[in-house]
Amino acid sequence: MIQAENITKLYKVGGNVIKVLNDINLQVEKGEFIALQGPSGCGKSTLLNILGCLETATSGRILIDGVDTSRLNDDDLAKIRQGKIGYIFQAYNLIPTLNAYENVVLPMLFAGEDDGKSSMAAKRTAMLLKSVAMHDRMTHKPSELSGGEQQRVAIARALSNNPSILIGDEPTGNLDSKTGLAVLDILINLNKEGQTIILATHDSTIAHMASRIVKMKDGRIINNSSTKEH
Amino acid sequence: MNLNAIKYCLRQGVVSLFRNFWLAVVTAGMIAVSLAILGGFLLVALNVGQILYNIAGNVEISVFLRDDADQELIRTRLDGLDGVREHTFIPREQGLTDFGYALGDSALFAGLAGENNPLPDMFRVRVGESDMVEALAEKMRAFPGVEFVDYGEELVARLLGVTRWLNAFFLAISFLLAASAVFLIVTIIRLSVMARQEEIGVMKYLGASNFFIRAPFFLEGMAMGWAGALSAAVALGAAYHRLAFSLQREALLFFLQPVTDPEKLWPVFAGLLALGTVMGGLGSLVSVRRFVRA
Ligand SMILES: Nc1ncnc2c1ncn2[C@@H]1O[C@H](COP(=O)(O)OP(=O)(O)OP(=O)(O)O)[C@@H](O)[C@H]1O
Ligand SMILES: [Mg+2]
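Read top to bottom, the protein sequences are chains A and B.
Heads up: the first sequence begins at 1 in our numbering, then just goes up one per residue.
Heads up: the second sequence begins at 1001 in our numbering, then just goes up one per residue.
Each hint should be verified, as a subset may be incorrect.
Unchecked claim - Restricting the straight-line Cα-Cα distance to at most 30 Å, the calculated cross-link-like pairs of lysine-lysine (DSS-like) are:
(1) Lys1139/B with Lys130/A
(2) Lys19/A with Lys79/A
(3) Lys79/A with Lys12/A
(4) Lys30/A with Lys130/A
(5) Lys1007/B with Lys79/A
(6) Lys12/A with Lys30/A
(7) Lys30/A with Lys141/A
(8) Lys141/A with Lys19/A
(9) Lys141/A with Lys1007/B
(10) Lys1007/B with Lys123/A
(11) Lys217/A with Lys178/A
(12) Lys215/A with Lys30/A
For the record, the hints were derived by calculation from the structure and aren't laboratory data.
Can you build the whole structure from these sequences, using the hints too?
Here you go:
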């Protein structure tokens, strides 16, 4: 349902051109949990950003649910990100001026699902916060929450518009191992309920909980294997 | 507790405004200064216009008649001319008396009375607007029975020249001031965008359209422009009120009276407010279109 075909990404830095992604082909099936592994600087974040329609590839194309995204304009790409992609970050990146509830409802606002009165949006937000056990902290600002709590709110936010795929760029990277495992637990449960997930991670214990590990090096995929065959 | 689009954009705009509070104050202050100068120029122009109008309204066209002229015919012709404010018939006898008074020695002219009077009959015509004097005089010249027509050609020409020059000057200065204020807003909004770069990045990940990302900055710019314009209007209004009041009390020449008619003054102040808001909106629009993309 997400298909990357011959993705190449070049960056110009000063006079030099660096090839960050080199002919990447990747197919993500519905219900998969993919771990993207590789040394720092190998291009994991860049690939996730291109899969998430935040950056465009220099060549190649991304198909999301059959739609070729390379021909879309800014606003159509924004619509894909609203409806099909949920993103979680290493640094949580909640909007600091909004409380937990408002952070989760925000993508619904962007998607036009919340007009300020919709009880559907309110119910869904409460349900999402409950699913990450944050429903008793709805009115807290991010600065009043711990790192693990912020990341749980961020997961609820990423699920806000019921995305086809949840993309995580080292979502446990800033957390201690216990809190990190709790967050991972939430993700594993979501995957069991059918949520498609792709995570970049340095942590091989996390990687081995995934259904498939994709290894990258120097902008190429060097190993693409199911953990069951491992 | 729910958000809606307007509430969200307003709130983010306000937050952004207060994040750079002193910068916003300085920007609003500079907009206020440039708009106050602009407004000051406009008020001066308004007053100069009124003074010129007063002077021009006192420019008389003298229409001298031939002996065989039909006075009634000319009277109806004058009534039929657009732009003529009033006209008075001066019979030659009265012309002589007036002339004597003007020279301060009426006795000297006694001998010129009656048959010896060298003056013709005439109409004194007052005109509404100074730039019509020339055209109207030309038309009167063509009336039957008119000997010749006279008016302060040079004075009128010079006044018109001065007004045109002043208007061009005001226009140029105003344009320069407005342009620099807009440039200032572009810069400030750019700083504001840079300060919120990370948040904008996150909003993009969450699927915010250009509208949602740009609207708060747009509101921020408009608010600065509006606050600047409001302070300019209030300060200028207070200053003008005091100045006009003291000028009036000085009982200067009638044509130096300041403009106090609210009908003429309010468009200047309303215009300043509108202009400040538009400048703020325009500046932030330019900045946001250049520096923020979803
Ligand atoms: N905007 C950019 N301009 C130029 N070079 C960039 C840009 N973004 C990333 N790069 C380069 O692309 C390469 C891959 O970066 P990327 O962030 O994808 O790596 P990564 O695998 O996520 O690393 P890490 O594990 O440290 O997060 C790096 O060498 C980086 O310097
Ligand atoms: Mg990275």
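Checked hints:
Distance restraint check for Lys1139/B and Lys130/A: the Cα-Cα separation of roughly 90 Å exceeds the 30 Å cut-off, and the hinted pair is therefore not satisfied. About 29 Å separates the Cα atoms of Lys19/A and Lys79/A, which keeps this hinted pair within 30 Å; it holds. The hinted pair formed by Lys79/A and Lys12/A meets the criterion: a straight-line CA distance of about 28 Å does not exceed 30 Å. For the proposed pair Lys30/A and Lys130/A, the alpha carbon gap of about 25 Å is at most 30 Å, so the pair holds.
Only pairs whose Cα atoms come within 30 Å are accepted, and Lys1007/B paired with Lys79/A is accepted, the gap being roughly 21 Å. Proposed proximity of Lys12/A and Lys30/A is contradicted: the alpha carbons are some 35 Å apart, above 30 Å. Distance check on the hinted pair: Lys30/A and Lys141/A sit about 34 Å apart at the alpha-carbon level, beyond 30 Å; violated. Between Lys141/A and Lys19/A the alpha-carbon distance is near 40 Å, which puts this suggested pair outside the 30 Å criterion.
Distance restraint check for Lys141/A and Lys1007/B: the Cα-Cα separation of roughly 18 Å lies within the 30 Å cut-off, and the hinted pair is therefore satisfied. Restraint check: the Cα-Cα separation between Lys1007/B and Lys123/A comes to about 20 Å, which is no more than 30 Å; the hinted pair holds. Among the hinted pairs, Lys217/A with Lys178/A is consistent with the structure: their alpha-carbon atoms are about 29 Å apart, no more than 30 Å. Between Lys215/A and Lys30/A the alpha-carbon distance is near 20 Å, which keeps this suggested pair within the 30 Å criterion.
When each numbered hint is compared with the structure, violations occur for hints 1, 6, 7 and 8.
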